[in-house]
Amino acid sequence: MKEEFKVYQKVFDNRTIMTLYQLSKKYFRTIGGPIKTGKESDVYLLYTKEGGKIVAKIYKIETSNFRNMWKYIKGDSRFPYIGKEKKKLVYAWTEKEFRNLWTARRMGIPAPEPIAFKNNVLLMEFIGDDSPAPIAKYHPPKDPKRWYKLIMGYIDKMEKEGFVHGDLSEFNILNWNEKPILIDWSQSVFRDHPLFEELLERDRNNMERWFSSLGV
1 MKEEFKVYQK VFDNRTIMTL YQLSKKYFRT IGGPIKTGKE SDVYLLYTKE GGKIVAKIYK
61 IETSNFRNMW KYIKGDSRFP YIGKEKKKLV YAWTEKEFRN LWTARRMGIP APEPIAFKNN
121 VLLMEFIGDD SPAPIAKYHP PKDPKRWYKL IMGYIDKMEK EGFVHGDLSE FNILNWNEKP
181 ILIDWSQSVF RDHPLFEELL ERDRNNMERW FSSLGV
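Take 1 as the starting number for the sequence shown in the numbering used here and just add one per residue.
In short, the hints are calculated from the structure, not lab data.
Do not take every clue at face value.
[Stated by the list, open to error] Once the Cα atoms are required to be at most 27 Å apart in a straight line, the calculated DSS-like pairs of lysine-lysine come out as:
no.	residue 1	residue 2
1	Lys25	Lys87
2	Lys53	Lys118
3	Lys157	Lys145
4	Lys84	Lys71
5	Lys71	Lys160
6	Lys60	Lys26
7	Lys87	Lys71
8	Lys118	Lys60
9	Lys36	Lys179
10	Lys157	Lys142
11	Lys60	Lys137
12	Lys74	Lys157
13	Lys87	Lys26
14	Lys60	Lys36
15	Lys142	Lys179
16	Lys74	Lys60
17	Lys39	Lys118
18	Lys157	Lys71
19	Lys118	Lys26
20	Lys179	Lys160
21	Lys137	Lys39
22	Lys88	Lys71
23	Lys74	Lys86
24	Lys118	Lys86
25	Lys145	Lys179
26	Lys118	Lys87
27	Lys160	Lys149
28	Lys74	Lys84
Kindly generate the complete structure, drawing on both the sequences and the hints.
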């Protein structure tokens, strides 16, 4: 294993380090610093062999919310045989976000481009310029009315296609040069999921609440 990966033995478990090492053979050269850290996942900046930037979203197997993940997975027809073993559930959750990102982008929804996934690691497009694009909660749009029309339009478009983000809030939108980029797609489901209508209503209510606070 490369020496640089040994540095992360205090940060990641051995399985995650091996997964990152395997992905590095094709997709990136070095690991930069953390962009975002949380109880269930961390997002790290990666540098490619060509000098570009991508990111790794690393789901934490031990501290992930098993019950929360299970309620979204168990009704998803794409994952009919996932049991309740925590490791397998987190791996499926990672794949789920990868596939949801592709679905969203295919529908024309602005979301990071997924690159690859393996086990509990998801590689995707870096959103930003010199530094990562800020979260909309802390960097709201200069023209909230324009964003309101855009985002409610995205919700409507996905509904027509039978798809829903499922966890849409001002914390899961990036403001990249005044363009909204929707992130965190792991909860997203299709219309055949029993939670579809509930999640759709929640997304709409969250956006109505946020934009109302911005004066829309």
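These are the hints, each one checked on the structure:
1. Restraint check: the Cα-Cα separation between Lys25 and Lys87 comes to about 23 Å, which is no more than 27 Å; the hinted pair holds.
2. For the proposed pair Lys53 and Lys118, the alpha carbon gap of about 19 Å is at most 27 Å, so the pair holds.
3. The hinted pair formed by Lys157 and Lys145 meets the criterion: a straight-line CA distance of about 18 Å does not exceed 27 Å.
4. Distance check on the hinted pair: Lys84 and Lys71 sit about 11 Å apart at the alpha-carbon level, within 27 Å; holds.
5. Proposed proximity of Lys71 and Lys160 is supported: the alpha carbons are some 23 Å apart, at most 27 Å.
6. Our distance criterion of 27 Å between C-alpha atoms is met by Lys60 and Lys26, whose separation comes to about 23 Å.
7. Restraint check for Lys87 and Lys71: satisfied, since their Cα atoms lie roughly 16 Å apart, inside the 27 Å limit.
8. Distance restraint check for Lys118 and Lys60: the Cα-Cα separation of roughly 13 Å lies within the 27 Å cut-off, and the hinted pair is therefore satisfied.
9. Proposed proximity of Lys36 and Lys179 is supported: the alpha carbons are some 20 Å apart, at most 27 Å.
10. Distance check on the hinted pair: Lys157 and Lys142 sit about 24 Å apart at the alpha-carbon level, within 27 Å; holds.
11. Distance check on the hinted pair: Lys60 and Lys137 sit about 24 Å apart at the alpha-carbon level, within 27 Å; holds.
12. Restraint check for Lys74 and Lys157: the C-alpha separation of about 25 Å stays at or below 27 Å, so the hint holds.
13. Restraint check for Lys87 and Lys26: the C-alpha separation of about 24 Å stays at or below 27 Å, so the hint holds.
14. Between Lys60 and Lys36, the direct Cα distance comes to roughly 13 Å. Compliance with the 27 Å bound is thereby established for this hinted pair.
15. Pair hint Lys142 plus Lys179 holds up; C-alpha atoms about 10 Å apart against a cutoff of 27 Å.
16. Between Lys74 and Lys60 the alpha-carbon distance is near 20 Å, which keeps this suggested pair within the 27 Å criterion.
17. For the proposed pair Lys39 and Lys118, the alpha carbon gap of about 20 Å is at most 27 Å, so the pair holds.
18. Between Lys157 and Lys71, the direct Cα distance comes to roughly 25 Å. Compliance with the 27 Å bound is thereby established for this hinted pair.
19. Restraint check: the Cα-Cα separation between Lys118 and Lys26 comes to about 12 Å, which is no more than 27 Å; the hinted pair holds.
20. Among the hinted pairs, Lys179 with Lys160 is consistent with the structure: their alpha-carbon atoms are about 23 Å apart, no more than 27 Å.
21. With a C-alpha separation of about 19 Å, the suggested pair Lys137 and Lys39 falls inside the 27 Å cut-off, and the hint holds.
22. Distance restraint check for Lys88 and Lys71: the Cα-Cα separation of roughly 15 Å lies within the 27 Å cut-off, and the hinted pair is therefore satisfied.
23. About 13 Å separates the Cα atoms of Lys74 and Lys86, which keeps this hinted pair within 27 Å; it holds.
24. This hinted pair checks out: Lys118 and Lys86 have alpha carbons roughly 16 Å apart, not beyond 27 Å.
25. Distance hint between Lys145 and Lys179 is fulfilled; the C-alpha atoms sit about 13 Å from each other, no more than 27 Å.
26. Of the supplied pair hints, the one linking Lys118 and Lys87 holds, its CA atoms being roughly 12 Å apart against a limit of 27 Å.
27. Of the pairs offered as hints, the one joining Lys160 and Lys149 holds, with about 16 Å between alpha carbons and a cut-off of 27 Å not exceeded.
28. A threshold of 27 Å between alpha carbons decides the hint, and for Lys74 with Lys84 the separation of about 10 Å falls inside it, so the pair holds.
Violated hints are absent here; each numbered hint is respected by the structure.
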